[in-house]
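Build out the structure end to end from the sequences listed, making use of the hints.
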Amino acid sequence: MTKEDIMKPENLVYQKPRLMNDNSMHYCPGCSHGVVHKLIAEVIDEMGLTEKAIGISPVGCAVFMYNYLDIDCQEAAHGRAPALASAIKRLWPDRLVFTYQGDGDLACIGTAESIHALNRGENITIIFINNAIYGMTGGQMAPTTLLGMKTATCPYGRIPEIHGYPLKMTEIAATLQGTCYVTRQSVQNVASIRKAKKAIRKAFECSMQQKGSSLVEIVSTCSSGWKMTPEKANKWMEENMFPFYPLGDLKDTTDIK
Amino acid sequence: MAEEVVLMKGNEAIAHTAIRIGVDGYFGYPITPQSEVLETLAEQKPWETTGMVVLQAESEVAAINMVYGGAGTGKMVMTSSSSPGVSLKQEGISYIAGAELPCLIVNVMRGGPGLGTIQPSQADYFQTTKGGGHGDYHLIALAPASVQEMADFVDLGFQLAFKYRNPAIILADGVIGQMMEKVVLPAPRPRRTEEEIIAQCPWAATGRKGRKPNVITSLELDPSIMEQRNIHLQQKYAEIQEKECRYEELCCEDAEYLIVAFGSCARISQKAMEHAREEGIKVGLFRPITLWPFPSKALKERASQVKGILTVELNSGQMIEDVRLAVNCQIPVEHFGRLGGIVPDPDEVIEAIKEKLIK
Numbered sequence: 001m002t003k004e005d006i007m008k009p010e011n012l013v014y015q016k017p018r019l020m021n022d023n024s025m026h027y028c029p030g031c032s033h034g035v036v037h038k039l040i041a042e043v044i045d046e047m048g049l050t051e052k053a054i055g056i057s058p059v060g061c062a063v064f065m066y067n068y069l070d071i072d073c074q075e076a077a078h079g080r081a082p083a084l085a086s087a088i089k090r091l092w093p094d095r096l097v098f099t100y101q102g103d104g105d106l107a108c109i110g111t112a113e114s115i116h117a118l119n120r121g122e123n124i125t126i127i128f129i130n131n132a133i134y135g136m137t138g139g140q141m142a143p144t145t146l147l148g149m150k151t152a153t154c155p156y157g158r159i160p161e162i163h164g165y166p167l168k169m170t171e172i173a174a175t176l177q178g179t180c181y182v183t184r185q186s187v188q189n190v191a192s193i194r195k196a197k198k199a200i201r202k203a204f205e206c207s208m209q210q211k212g213s214s215l216v217e218i219v220s221t222c223s224s225g226w227k228m229t230p231e232k233a234n235k236w237m238e239e240n241m242f243p244f245y246p247l248g249d250l251k252d253t254t255d256i257k
Numbered sequence: 258m259a260e261e262v263v264l265m266k267g268n269e270a271i272a273h274t275a276i277r278i279g280v281d282g283y284f285g286y287p288i289t290p291q292s293e294v295l296e297t298l299a300e301q302k303p304w305e306t307t308g309m310v311v312l313q314a315e316s317e318v319a320a321i322n323m324v325y326g327g328a329g330t331g332k333m334v335m336t337s338s339s340s341p342g343v344s345l346k347q348e349g350i351s352y353i354a355g356a357e358l359p360c361l362i363v364n365v366m367r368g369g370p371g372l373g374t375i376q377p378s379q380a381d382y383f384q385t386t387k388g389g390g391h392g393d394y395h396l397i398a399l400a401p402a403s404v405q406e407m408a409d410f411v412d413l414g415f416q417l418a419f420k421y422r423n424p425a426i427i428l429a430d431g432v433i434g435q436m437m438e439k440v441v442l443p444a445p446r447p448r449r450t451e452e453e454i455i456a457q458c459p460w461a462a463t464g465r466k467g468r469k470p471n472v473i474t475s476l477e478l479d480p481s482i483m484e485q486r487n488i489h490l491q492q493k494y495a496e497i498q499e500k501e502c503r504y505e506e507l508c509c510e511d512a513e514y515l516i517v518a519f520g521s522c523a524r525i526s527q528k529a530m531e532h533a534r535e536e537g538i539k540v541g542l543f544r545p546i547t548l549w550p551f552p553s554k555a556l557k558e559r560a561s562q563v564k565g566i567l568t569v570e571l572n573s574g575q576m577i578e579d580v581r582l583a584v585n586c587q588i589p590v591e592h593f594g595r596l597g598g599i600v601p602d603p604d605e606v607i608e609a610i611k612e613k614l615i616k
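Chains as they are written, first to last, in our numbering: chain A, 1 to 257; chain B, 258 to 616.
Hints listed in this document are in silico derivations from the structure and should not be mistaken for laboratory results.
Nothing here was measured: the structure is a model prediction, and the numbers come from that model.
Heads up, a few of these hints could be off.
Here are the computed lysine-lysine pairs in the BS3-like style, where the Cα-Cα straight-line distance is at most 30 Å [stated by the list, open to error]: (1) A/K257 with A/K197; (2) A/K52 with A/K38; (3) A/K195 with A/K16; (4) B/K466 with A/K52; (5) B/K466 with A/K16; (6) A/K211 with A/K38; (7) B/K528 with B/K611; (8) A/K38 with B/K466; (9) A/K197 with B/K466; (10) B/K420 with A/K52; (11) B/K469 with A/K8; (12) B/K466 with A/K211; (13) B/K469 with A/K16; (14) B/K466 with B/K420; (15) B/K493 with B/K420; (16) A/K251 with A/K168; (17) A/K38 with A/K232; (18) B/K469 with A/K197; (19) B/K302 with A/K211; (20) B/K557 with B/K616; (21) B/K466 with A/K198; (22) B/K302 with A/K52; (23) B/K469 with A/K52; (24) B/K469 with A/K198; (25) B/K469 with A/K38; (26) A/K150 with A/K168; (27) B/K302 with B/K439.
Quick list of simulated restraints, FRET-style, between CB atoms [said to hold, decoys possible]: (28) A/G248 with B/P445: 45 to 55 Å; (29) B/Q485 with A/K198: 42 to 52 Å; (30) A/G138 with B/K500: 43 to 53 Å; (31) B/E496 with A/M7: 52 to 62 Å; (32) B/H391 with A/N23: 21 to 31 Å; (33) A/G248 with B/K469: 37 to 47 Å; (34) B/Q485 with A/N21: 20 to 30 Å; (35) A/C28 with B/D479: 14 to 24 Å; (36) A/E238 with B/E484: 45 to 55 Å; (37) A/G48 with B/E300: 33 to 43 Å; (38) A/T137 with B/Q485: 19 to 29 Å.
Where is the CB? At the ideal position from N, CA and C, for every residue including glycine.
Here you go:
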């Protein structure tokens, strides 16, 4: 059997998403961003929304999302992505409008914009990457940093008396009347990646069918910020992050399967 | 429907004009003395007629970022606020200028600093013309002196904003926002269609139909590229300075003394000028309409014939710096202003001319 025989279209089992380009990613080895980008690219393509998608990238590691996804994008100021997305979706109701935000962006500096966009029931999707640390600025404490977890700005561990408690924004989002679909997922293995993709697709469908706001949290790793190998980071996430940020749907008022 | 003559507040004129000229979206947050803009829009319900989006945001910060988002898609979008609220908008304004997007901002100024007062002021001149947010950028700043100009400058502001892909600002003061005058509202025209927007704004992030992806951003980590972007911005600003200076001169031909004033102070100064002329003092009024670009060249020419200039401002002396730069300090330039929300009467202006210039 020759190489040409093997590479026939009918033998194709996997390919790079068409909406991901060949630019080298700046993400660190083991980072969850690349996987989530891939899922977004696949879902947009599969839903036939390439010409209707407008993505809002945040301040943080994912600010360069627009360098890797071949869709129209706008870069927001830190925390303000849901405000941009609210306006864009209202002005272009037939477009797929989503934000892609880290924990610092969504749960700290942009808490107000996030909660109010979700509570207005804007027909947008928020993809929320929660790795419990500020990645781009070099590993400082995030609003979602776990108690006891060490970062550059809580080098002796997060202590509630000094730093307060980690914020569960997704639980808050589930209590808001404007949200229709709120879920927490992860992407550390094949099974979880499949589930996360399904969640992203459902959220995008909610947005396109104008059912209200959707929030998809992805509990993620930051091996550089956590100072762990990718393998150890995954294990640490399962043992420490999942008990505090349990996976699964927190709210689903839709009839989308 | 055609043009319509009505009696209304400056703030209301802004709202009605926005609907009539086909603005796509307004995003705002209540603050005195400009809340009538959002209130009027809410009452008029343009989403049922023209399809205009009107949204009360959770903060001024969110409102300007909604404008940033909408502007990135090529829509005609605007916000309005008053001084403390406009301070909050500065981050977003800097991003909009950096990403070179068209939009309209309205500041109906009140006295500061801090929470200050709800009474009129012109103390945001520096903020508006010298930056406000971070980075090397300029806003096209229009200063209305009447309710008619409040209406007219909505249209003019958008025209200039789209011509240069640069945010424009109407810098009004509480007097102009709150006072009622006769105003001719423009004949209604429809909002642009989706096809028209995409044709007019090929750079906009509207969904990549039939083209490569568009990205709206002000970010560039390579300093050599970032420098080129800044040079491009400066070239644009130079072109705006060359082509878009606007001003009005009243009784300047034989003037021996010149008042330079904008907004409500120009109205007060016009009355002062008339009274001074009755007393035999030959005063002229030079009114900058664009505060940036400042009409320096025209002012310099006019200044060559006068013995002195008095700037009249509702602040402690801000525009006076641009006036002094324009005349290169070759004649006396003095300032008269009231602070903290006090509006002077024309007699105070005449006294200031006598005291500070004639002596």
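Q) For the pair supplied as a hint, A/K52 and A/K38, is the alpha-carbon distance within the 30 Å limit? A) Holds: A/K52 and A/K38 sit about 18 Å apart, inside 30 Å.
Q. Does B/K469 pair with A/K197 here, judged by a C-alpha cut-off of 30 Å?
A. Holds: B/K469 and A/K197 sit about 25 Å apart, inside 30 Å.
Q) Between B/K302 and A/K211, does the CA-CA distance stay at or below 30 Å? A) Holds: B/K302 and A/K211 sit about 23 Å apart, inside 30 Å.
Q. So does A/E238 sit 45 to 55 Å from B/E484, Cβ to Cβ?
A. holds, 47 Å
Q: Measure nothing beyond the straight line between the CA atoms of B/K469 and A/K8; if it is 30 Å or shorter, mark the hint as holding.
A: Between B/K469 and A/K8 the Cα gap is close to 29 Å, so the pair holds against 30 Å.
Q: For the pair supplied as a hint, A/K251 and A/K168, confirm whether the alpha-carbon distance does not exceed 30 Å.
A: Distance ~14 Å between A/K251 and A/K168 Cα, so the pair holds.
Q: Below or equal to 30 Å on CA atoms is what counts here, so check B/K528 against B/K611.
A: With Cα atoms ~16 Å apart, B/K528 and B/K611 stay inside 30 Å; holds.
Q. Does the Cβ pair A/C28, B/D479 satisfy 14 to 24 Å?
A. holds, 21 Å
Q: Check the following: the C-beta atoms of B/H391 and A/N23 are separated by a distance inside 21 to 31 Å.
A: Between B/H391 and A/N23, where Cβ atoms are some 28 Å apart, the hint holds.
Q) Is the hinted pair A/K197 and B/K466 satisfied, with a Cα-Cα distance of at most 30 Å? A) This hinted pair holds, its Cα atoms lying about 25 Å apart.
Q | Pair hint B/K420 and A/K52, alpha-carbon separation not exceeding 30 Å | A | Given pair B/K420, A/K52 holds - Cα atoms ~27 Å apart, limit 30 Å.
(Q) Given the hint of 45 to 55 Å, is the C-beta distance from A/G248 to B/P445 inside that range or not? (A) holds, 52 Å
This entry satisfies every hint, going by the numbered hints stated previously.
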